[in-house]
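Q: These protein sequence lines map, in sequence, to chains H, U and X.
Just remember that this note's numbering sits 74 ahead of the position in the first sequence, which is counted from 1.
Just remember that this note's numbering sits 72 ahead of the position in the second sequence, which is counted from 1.
Just remember that this note's numbering sits 2 ahead of the position in the third sequence, which is counted from 1.
Check before you lean on any hint, since a few could be wrong.
Straight-line distance between alpha carbons at most 30 Å, and here's what the computed DSSO-like set of lysine-lysine pairs gives [claimed, not checked]:
id	chain 1	residue 1	chain 2	residue 2
1	X	K259	U	K813
2	H	K165	U	K138
3	X	K259	U	K138
Which bits of chain U does chain H cover? Going by a derived footprint, with three or more residues having C-beta under 8 Å, they are [claimed, not checked]:
id	stretch
4	85-92
5	103-114
6	273-280
Source of the hints: derived by calculation from the structure; they are not laboratory data.
Using N, Cα and C, we set each Cβ at its ideal position, and we do this for glycine too.
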Amino acid sequence: MTKIHVKTNINGDKVEFLTDPRETLLDCLRNHIGLTGSKEGCGTGDCGACSCIFDGNLVSSCLVLGVEAEGKSIETIEGMAGEKELHPLQKKFIEMAALQCGFCTPGILIAAKALLDRNNDPTESEVRYWLAGNLCRCTGYDKIIKAVMETAKDIRETA
Amino acid sequence: MAKDELAKDFKYIGTRPNRPDGYDKVTGRAKYGADVAAVGMLHGAVLRSPYAHARITSINFEKASKLDGVKAIITRDDFPVGIDGDTLNLLENTIAGEFAYYDGHAIAAVAATTVHIAKEAINEIEVEYEVLPHVIDVDEAIKPDAPVIKNNARDFSVPEGSSPNVASYIEFGTGDIDGGFDKADLVKSGRFKTEAAHQGYIEPHACMAQLDHDGQGEMWVCTQGHWYIRQMCASVLGLEASKLCVTPSEIGGGFGGKTTIFIEPLALALSKKSGGRPVKIVMSRAEVLRATGPTASASMDVKIGITKDGYLTSGSVEFRMQGGAFGGSPVSEALQCAFAPYNMPAAHHIGYDILANRPRAAAYRAPGSPMAAFAVESLIDEICTDLNLDPIDVRLKNAVKEGDKSSYGPKFKKIGLIETLEAAKDHPNYSISLGDNQGRGVAAGYWMNHGGETSVSVSLAEDGSVNVTVGTPDIGGSRASIALMTAETYGIPYDSVRVNIAETGALGFNEPTHGSRATLASGKAVYEAANQTISEMCQRVARKWQIDPDAVFWENGYAKPAGANAGDFSPISIKQIASEMDQTGGPIAGHHEASIRGVGHSFGVHIADVEVDPETGRITVLRYLVAQDAGRAIHPSYVEGQFQGGAVQGIGWALNEEYVYGADGCLQNAAFLDYRVPVASDLPNIDTIIVEVPNPDHPFGVRGVGETGIAPPLPALANAVNAAVGARLRSLPMSPGKVLKTIKTGEDGC
Amino acid sequence: MQYHSPSSFNEAVAISNSSSGLVKYLAGGTDVLVQLKIGTKSPDHLIDIKNIPGVREISLRDDGGYTIGAAVSGAQLTDHKELSKKWPGLVEGMELVGSAQIQSRATLVGNLCNGSPAADSVPGMIAAGASVSILNSSGTKDVLVEDIPSGPGSTSLKNGELITAINLPKRNDYEGDAYLRFIPRTEMDIAVVGCAVNLSLENGFITTAKVVLGAVGPKVMLAHSAADCLVGTKLDDNILSRFSAKCSQIAKPISDKRGSAEFRKDIIGVIAQRAARKAYDRALGKY
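Bound-form chain H, shown alone (with noise of 0.2 Å):
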């Protein structure tokens, strides 16, 4: 199949890629960038492991074509850090021993990043519901709410 020539952004690099249309961002972030850290849980949006921000828009990357990314901007969780450390969300899952397995992890990151970017005083409830769509296994959520809750707690008192 003829293969199409995108130009796009991610994580601030400008980037080319060739990809067959029925390819999704997540193929082409995993398989033609080696941006490995978006997982497929599913394929079909239901568990988030893939989730990215597109034109800052939470998105499951397995859901978006990949030449739907000509001329967008995208963020993934290889972009979340600063140069000099990490996000205060990737932080605070380390400390707070958010993660077990690590698979759903940079999804969850992201998700919750997209929510803080735009309430960084969620309730308890409205962080459980906005990660409804980014399914854990190992840890039951109780460790990952309490450090989004966290994480947005030192957001507000830094601000």
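Starting from the known structure of chain H, arrange chains U and X on it as the hints suggest.
A: For chains U and X alone, coordinates are given in the frame of chain H:
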């Protein structure tokens, strides 16, 4: 709220440092099964049976093989013949022979230059099936008119006259059963059923394999146990195990489901057939649900006798479990767990392992224990209600303790059930008042824990830091716990220890990270190996000081003279010893290989509060408490994490997870959309109490903590629902439709 | 599969008409990409309408109603304060579709075109009396949303026809709508049953009522006889229980993996009753 009986000061154990693999896992750098690629790599795809039971009359892949980019197609013909016993079952499940035994059973596999071509090729393979009658339900499978799945499935244990679908039979007991029931003031019995549940790890199975015609190969695979993968792949492919090198990737959850083979031998066979090119296979979620895991479904009869003041007199169980078309349900473990928490003067156990046209059951967290707990702990709750007795008091009256002989044989050493019951009873959750349609349920659970074959090594780096090499993949923080135990043993900082997970060539055999054994067994072995190096270091220091090695002892990272008689020497640090290694005898390393014993049994007690919508049958979990004996919590955060994760898997199993089959025997809910694992908004916080009654057979008192937590939620929630709205569900899951029916009609769902 | 990204609706329809094989329009993609992934529908041509100017806009018309572009996402609807205030039931129906990730992409039009009887946003649109603007090779036309679904997974749209926007009528005082669904979990499930209710009041009495039931028949259905129970009343408990019984009676559900017909019949009445109460309170301006 740790209850510590054996007070002992630890410097590192019991602290909560950052896990060593934390950075990798929050930045997306950690490499999981599907994250690797190799030069020249091909992509594999698997053709799966669309029928629950069928004879495969022909497979024609001529068209498929002509597609541009297709490099190899394999069927059962590409595997050795003459295999029997358990290995034949493994092979049959990996790829069907004459019969497809379940919807999703692998029939053929393709390797091609792209995933899309591999999938196209799968669609071009023509298979003719003769569809055969199927059976899905465990009770249906042993009815006289049930379709016979295999003619020679039964083993020596099965009594004459049993259904041909019974693969094995087990019976054991103790005491005077009938006499016990005669002494009881109340004898109660009931039938209980549980549906199959999938482990539901978020990472689908993935592997990359390479195999040459000379029989040497390599694999990269997400697994709980790469030696198991090596052993199983070698046996079904007729290879020599040592020629296969298996490297575990990071693993995205397993819960027992990643301790066996599915796609791995297919990838190896495809690689061999395509001239040794690496082949990667990644399962889709639908494949995971249709063809891997799940646990068994169960139908269980329980009878319990009790005095009016709450002392158990006698108990009997008959458990029937189907674990798919090849046998292997955890019915034996279920029987062992059934009455394990209690001093049952007489106990009788019967179990049937039954075949059905479902995928081959894999281990799932405390295999068998959740079903047994559902049946027994629900019935005990019914008894408590009938006799108006406090459910924790009744359990306390009958709880096993040190020196008691368990219901299934072994004598308990020091155990913590009583302490755990007391801790749960003292927790505020047990006394919070409840509103309308709200109810509280209590249940206990048990897992015997496991040690198993273990090999580790430790080595001293030239700067005095320590490398630890283990063979148990880190599925939930075990690098951290092993580093803590290592740091404690040497008396060196936690950050000076690096824990590596080695491939199969680097260590002797290791069982997987299963049975709650990684921290327990690898930890115990690392303790031994580290002490080997400590004794070597003491010997070298003794030579330097020219004193007897016995006069040197080790403390806090230093070799020291043992008292005034040994001489007046300044302690020598591990750093200095390391820096002088090459002059004192060369590298310092230790290793330990053993079948680890003394695992320390683990008991848990859960308290669940629910609210039931009486108009729709929907259950909301309001609050939840897990109390469990950890022996010793090496890294308390990850112990809590095990408690919480186990509890939530149990909650999912109890409420909404189930395999839904159509009349055609095909799985209807092979997606996370309809296989409903709990989501974040379904749950409250999961409160935890770590009870610490140290395991006397472990250097740090560890008991495995991973598994027990999944068992109590099933009965605890059923008991809570009954307390809330007077509806006794004896069948799981307690999906809203079933609950509403029970509320309206009183039927228990069985 | 060929991917097209036209810059106008006319171009989109022209591509569709000149293409052979299975042609699908792509807006949010949350159904189309799933079908592609699991292999149930593999289009030969995929026409992405998201780069058409205006397609992601919500605009207030001169007549006081809203026009919602075909690619407006659920998140955009929720973030639109005025629209959410006027049509809370319609907006919450859309908001219930999937996760936060899905909300960034999924659209009302996509949910409608998927043709599912369990589509969460469709009952609210029908109850609101919404229409869609359809473009085909002979021009544009307006069709009521209730006329679009034609059966499980199918719609009355002809090949090549493209929905360009959804039109909501003007909202008046003392009107209120609500949508409730029943799912086993709290999120991420498909509705077992769903019900939208839209009411107008005068002095506390219901003057007009629309009741729409989801997942209890081959398509989302208007329940006229149930709505009739409400008109002229102040929604007391007697009325509500009659209404509830009526909804259960007219529901014609099937049994499937998401619930038995018996269960669906039971709870549609419960859910409808709760939705009616909520819509009524909203019409009174309570929240």
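Q: Looking back at the numbered hints, which does the structure fail to meet, lowest number first?
A: Hints 2, 3 are the ones this structure does not satisfy, whereas the remaining hints hold.
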